[in-house]
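> Sequence:
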Amino acid sequence: MKATGSIDQQQDIEFRNLSCLYEITRHLASASNLQDCLEKVVSSLAEWMGMDNGTITIVNPTTGELEIEVAHGISAEAKRRGRYKLGEGITGKVVATGEPILVPQIGDEPLFLNRTRTRGDERKKKSSFLCVPIIADQHSIGALSIDRVYAGGFGSESEQDLRFLTVVSRLIAETVQRIQRVNEEQEALHQ
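Under my numbering, the sequence shown has 572 at position 76, and the numbering climbs by one with no breaks.
A hint or two may mislead.
To be verified - In silico PhoX-like pairs for lysine-lysine, Cα to Cα no more than 25 Å straight-line: (1) K575 <-> K622; (2) K589 <-> K622; (3) K589 <-> K575; (4) K575 <-> K536.
Keep in mind that the hints were calculated from the coordinates and are not lab data.
Make a model of the complete structure from these sequences and hints.
Structure, rendered in structure tokens:
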């Protein structure tokens, strides 16, 4: 009986991921405004993935710092506090190395800085933190991260989620590049 439950759970996860991916690709394919598009992506992740908090952090080309571009579950003030140097904290490390990081429990991870100050209560300290780089032209330009509590505990579902978020981050990178190209072409036409 346990095997059937495991198969059903696996099918549920696959259905959730495909449904979420379908919705995200619809948003990204028709995007002309990056901010609106990324907000829709984070909303879709919140709806389908059951995340508590989620952010898309982008490297500011002027300062070189990471700044939260869009967020779910985080106030505007907390979003402003979410700034990191490359290599600093989990998000900074993900962007600096170009490698994803999975933290089983936020409260147990000394590298987790909680700059936004949104993970202070006991439940949120038990959340897992999944962070993947957004890579465009072989350069890490930002990170996609989510917090979520796994009902069955940390395990294979979190690994699947990390792979899924990696796919989403690649789609985001392609969209960022496409929108930048269009904007550059429009600027060239107006000169």
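> Taking the hints in turn, state whether each one holds.
Each hint, compared with the structure:
Between the alpha carbons of K575 and K622 the distance comes to roughly 21 Å, so the proposed pair stays at or under 25 Å and holds. Only pairs whose Cα atoms come within 25 Å are accepted, and K589 paired with K622 is accepted, the gap being roughly 21 Å. Using a Cα cut-off of 25 Å, the hinted pair K589 and K575 holds, with the two alpha carbons roughly 19 Å apart. For the suggested pair K575 and K536, the alpha carbons sit about 17 Å apart, so the restraint of at most 25 Å is met.
Checked against the numbered hints above, the structure violates none of them.
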